[in-house]
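Using the sequences plus the hints, can you model the full thing?
Number of protein chains: 4
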Amino acid sequence: MDRLMPAGIAAPELDIAQWFGEETSLAQLRGKVVLIEAFQMLCPGCLNYGLPQAVRVRKQFPEVVVIGIHTVFEHHDVTGPEALQVFLREFGIPFPVAVDRHDGRGNIPITMDTYRLEGTPSTILIDKSGDLRLTHLGAMPDLQLGAMLGELLAEKA
Amino acid sequence: MDRLMPAGIAAPELDIAQWFGEETSLAQLRGKVVLIEAFQMLCPGCLNYGLPQAVRVRKQFPEVVVIGIHTVFEHHDVTGPEALQVFLREFGIPFPVAVDRHDGRGNIPITMDTYRLEGTPSTILIDKSGDLRLTHLGAMPDLQLGAMLGELLAEKA
Amino acid sequence: MDRLMPAGIAAPELDIAQWFGEETSLAQLRGKVVLIEAFQMLCPGCLNYGLPQAVRVRKQFPEVVVIGIHTVFEHHDVTGPEALQVFLREFGIPFPVAVDRHDGRGNIPITMDTYRLEGTPSTILIDKSGDLRLTHLGAMPDLQLGAMLGELLAEKA
Amino acid sequence: MDRLMPAGIAAPELDIAQWFGEETSLAQLRGKVVLIEAFQMLCPGCLNYGLPQAVRVRKQFPEVVVIGIHTVFEHHDVTGPEALQVFLREFGIPFPVAVDRHDGRGNIPITMDTYRLEGTPSTILIDKSGDLRLTHLGAMPDLQLGAMLGELLAEKA
Numbered sequence: 001m002d003r004l005m006p007a008g009i010a011a012p013e014l015d016i017a018q019w020f021g022e023e024t025s026l027a028q029l030r031g032k033v034v035l036i037e038a039f040q041m042l043c044p045g046c047l048n049y050g051l052p053q054a055v056r057v058r059k060q061f062p063e064v065v066v067i068g069i070h071t072v073f074e075h076h077d078v079t080g081p082e083a084l085q086v087f088l089r090e091f092g093i094p095f096p097v098a099v100d101r102h103d104g105r106g107n108i109p110i111t112m113d114t115y116r117l118e119g120t121p122s123t124i125l126i127d128k129s130g131d132l133r134l135t136h137l138g139a140m141p142d143l144q145l146g147a148m149l150g151e152l153l154a155e156k157a
Numbered sequence: 001m002d003r004l005m006p007a008g009i010a011a012p013e014l015d016i017a018q019w020f021g022e023e024t025s026l027a028q029l030r031g032k033v034v035l036i037e038a039f040q041m042l043c044p045g046c047l048n049y050g051l052p053q054a055v056r057v058r059k060q061f062p063e064v065v066v067i068g069i070h071t072v073f074e075h076h077d078v079t080g081p082e083a084l085q086v087f088l089r090e091f092g093i094p095f096p097v098a099v100d101r102h103d104g105r106g107n108i109p110i111t112m113d114t115y116r117l118e119g120t121p122s123t124i125l126i127d128k129s130g131d132l133r134l135t136h137l138g139a140m141p142d143l144q145l146g147a148m149l150g151e152l153l154a155e156k157a
Numbered sequence: 001m002d003r004l005m006p007a008g009i010a011a012p013e014l015d016i017a018q019w020f021g022e023e024t025s026l027a028q029l030r031g032k033v034v035l036i037e038a039f040q041m042l043c044p045g046c047l048n049y050g051l052p053q054a055v056r057v058r059k060q061f062p063e064v065v066v067i068g069i070h071t072v073f074e075h076h077d078v079t080g081p082e083a084l085q086v087f088l089r090e091f092g093i094p095f096p097v098a099v100d101r102h103d104g105r106g107n108i109p110i111t112m113d114t115y116r117l118e119g120t121p122s123t124i125l126i127d128k129s130g131d132l133r134l135t136h137l138g139a140m141p142d143l144q145l146g147a148m149l150g151e152l153l154a155e156k157a
Numbered sequence: 001m002d003r004l005m006p007a008g009i010a011a012p013e014l015d016i017a018q019w020f021g022e023e024t025s026l027a028q029l030r031g032k033v034v035l036i037e038a039f040q041m042l043c044p045g046c047l048n049y050g051l052p053q054a055v056r057v058r059k060q061f062p063e064v065v066v067i068g069i070h071t072v073f074e075h076h077d078v079t080g081p082e083a084l085q086v087f088l089r090e091f092g093i094p095f096p097v098a099v100d101r102h103d104g105r106g107n108i109p110i111t112m113d114t115y116r117l118e119g120t121p122s123t124i125l126i127d128k129s130g131d132l133r134l135t136h137l138g139a140m141p142d143l144q145l146g147a148m149l150g151e152l153l154a155e156k157a
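Protein chains in written order, with the working numbering: chain D, 1 to 157; chain S, 1 to 157; chain E, 1 to 157; chain F, 1 to 157.
What the hints contain is simulated information worked out from the structure, not anything from laboratory work.
Possibly wrong hints are sitting among the right ones.
Now the stretches of chain F that chain E is said to cover, found in silico as 3 or more residues with beta-carbon under 8 Å [claimed, not checked]: (1) 52–60; (2) 136–143.
Listed below are the simulated BS3-like cross-link pairs for lysine-lysine, each with C-alpha atoms no more than 30 Å apart in a straight line [claimed, not checked]: (3) E:K128 <-> F:K128; (4) S:K59 <-> D:K59; (5) E:K59 <-> E:K32.
To give an idea of the chain F side of the interface with chain E (calculated C-beta under 10 Å), a few residues [unchecked claim]: (6) M1; (7) L4; (8) V86; (9) L88; (10) G92; (11) D113; (12) G146; (13) A147; (14) M148; (15) L149; (16) G150; (17) E151.
Cβ coordinates follow ideal geometry from the N, Cα and C atoms, glycine included.
Shown next, in the form of structure tokens:
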């Protein structure tokens, strides 16, 4: 079972090349619990587990801010922003999605590297104070994600 | 979306005719978060939603105490303790189950009446201080139940 | 993958103690494809797989006759006709259900024994000529059951 | 409920720009029951219903030939053969997939137009004699698809 990390380590700012939906930043979201779903549009686990779960959080927890981040580390040629835009519209993704920036060296984009994500889907939780409290790779039971959200929502900013 | 009730109202003690599995009481469980699943063995919503969810909580949250309570308010003749025992074994219910006591007046058993439950399945949450924090009738998304469990677990006793 | 048995062996008549819903017999159903779902009301596999699949067949194949048969071979005391009647109503079983007759010797009821069923749920298929074409124990993919129904429906009586 | 069309109308040959997996043709498949799943790689209904069902048929019916056809009629820029190749590998599609040919006029590719498909996912069934017996748009219960396959498999070539 996953557990939240203790508070105390600030979540690094996202380094974003492009936004679909309303642009934001972690600095702007201070005071809110934030769930960031890191995905790739042609990753089966993202389509089957990660993104549907993030959509459920968005629908069931109006006080949690949900953001997607497209962390492309493979198949860059066919999953660029133009393809992503089609994907987001066809699949009806209801939250803002950011394109993780590449610095032109290697395959791993900058934010994915900064957060040391090991693949997709990955779920990131940030508390009201802007601290990083979870990075989780792969599917996670709703009960467990819910428990961590409940704990973060109950914390004072 | 369900939310926890504020603390301050003590959960009434269970009034139990018979236990299957280890007997306990709310008094003994003080200091623990407790989930009580009120069900009837021939209630489809209990079999499809309430009991499987309680089993998931039992498996995923070792620090939460899960109890079933058989609150028979209809079909008493065919859902007595002998039938319940078969049901619990056949369906592999992994937590202790209490039989709500009838006082011989009316169809509603005593604990169900005390907690003002409106039907089955109903989910009851009790905090570490023994206060009643939720009674919920019917199915509930795992994310939401998880959030309430996470909040209760994060509270100090 | 299950396959139909060749035609040529007549399905033995059902030996029924009591009907819930419209009484019938295999003799009366000659000319129709018949699916008989053998179940016990406190058998998890029956509730999770066998009965829901039989309900789907009933809803999707108006030209197939679907019958349930309650083949009680364990827990007789708590799954008698009175309990079964509650079960059928609570779970909304939409097809006629027959209670397999016990001859008072051993636990296995007569029709279950005649058909050599090995447990519940079991699915029986009978063709338009009244021949026995399948007895299957346990869950079965819808595609495969559908294929056998499609083949039987295409046969001439 | 869908039903097979009567035999008598030959299925038009596929007009294919490129194959992934073993190349074939309807002429070569004469004598076999053929299921063709028409899809687009960024179509949610294809990912959630059409393709998983075609994969189940492939796994459960070794005597049925399953083929995918990528009938791109929208978002051509981001769903070309290079993107499709990634998709097929990432999603583990286990059957040969053909790219429907465009004639450079309009958005609808040639085979899709010839078969008068109205969208994706569409399921096509061809009998052992090479006749077209079904075109179905959208999701379809496994029981019903199974019944049509069972009927086609039972027919003589």
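Quick rundown of the hints versus the structure:
Residue count for the stretch 52–60 of chain F with a Cβ under 8 Å from a Cβ of chain E: 3. That meets the three needed, and the coverage hint holds. With 3 residues having a Cβ less than 8 Å from any Cβ of chain E, the stretch 136–143 of chain F passes the three-residue criterion, so the hint holds. Between K128 of chain E and K128 of chain F the alpha-carbon distance is near 25 Å, which keeps this suggested pair within the 30 Å criterion. Between K59 of chain S and K59 of chain D the CA atoms are separated by roughly 26 Å; this keeps the pair inside 30 Å, and the hint holds.
Restraint check for K59 of chain E and K32 of chain E: the C-alpha separation of about 16 Å stays at or below 30 Å, so the hint holds. With a cut of 10 Å, the hint placing M1 of chain F at the interface with chain E holds, because the nearest CB-to-CB distance is about 6 Å. For L4 of chain F, the suggested interface contact is upheld, since its CB lies about 9 Å from the closest CB of chain E, less than 10 Å. With 10 Å as the threshold, the beta carbon of V86 of chain F stays out of range of chain E, its nearest partner Cβ sitting at about 29 Å, so the hint is violated.
Restraint check, L88 of chain F versus chain E: the minimum CB separation of about 22 Å is more than 10 Å; hint violated. Hint status for G92 of chain F: violated, given a least beta-carbon distance of 19 Å to chain E, over 10 Å. Restraint check, D113 of chain F versus chain E: the minimum CB separation of about 30 Å is more than 10 Å; hint violated. Hint on G146 of chain F holds. Least Cβ distance to chain E is approximately 2 Å, under the 10 Å limit.
Residue-level restraint check for A147 of chain F holds (minimum Cβ-Cβ distance to chain E is 3 Å; threshold 10 Å). Here the hint on M148 of chain F is kept, as its CB sits about 6 Å from the closest CB of chain E, short of 10 Å. A distance limit of 10 Å between C-beta atoms decides the matter here; for L149 of chain F the minimum to chain E is near 5 Å, and the interface restraint holds. The beta carbon of G150 of chain F comes within 3 Å of a beta carbon in chain E, closer than 10 Å, and the hint placing it at the interface holds.
Checking E151 of chain F against chain E by beta carbon gives a least distance of about 4 Å; that is within 10 Å, so the hint holds.
Taken one by one, the earlier hints fail for this structure at numbers 8, 9, 10, 11, listed in ascending order.
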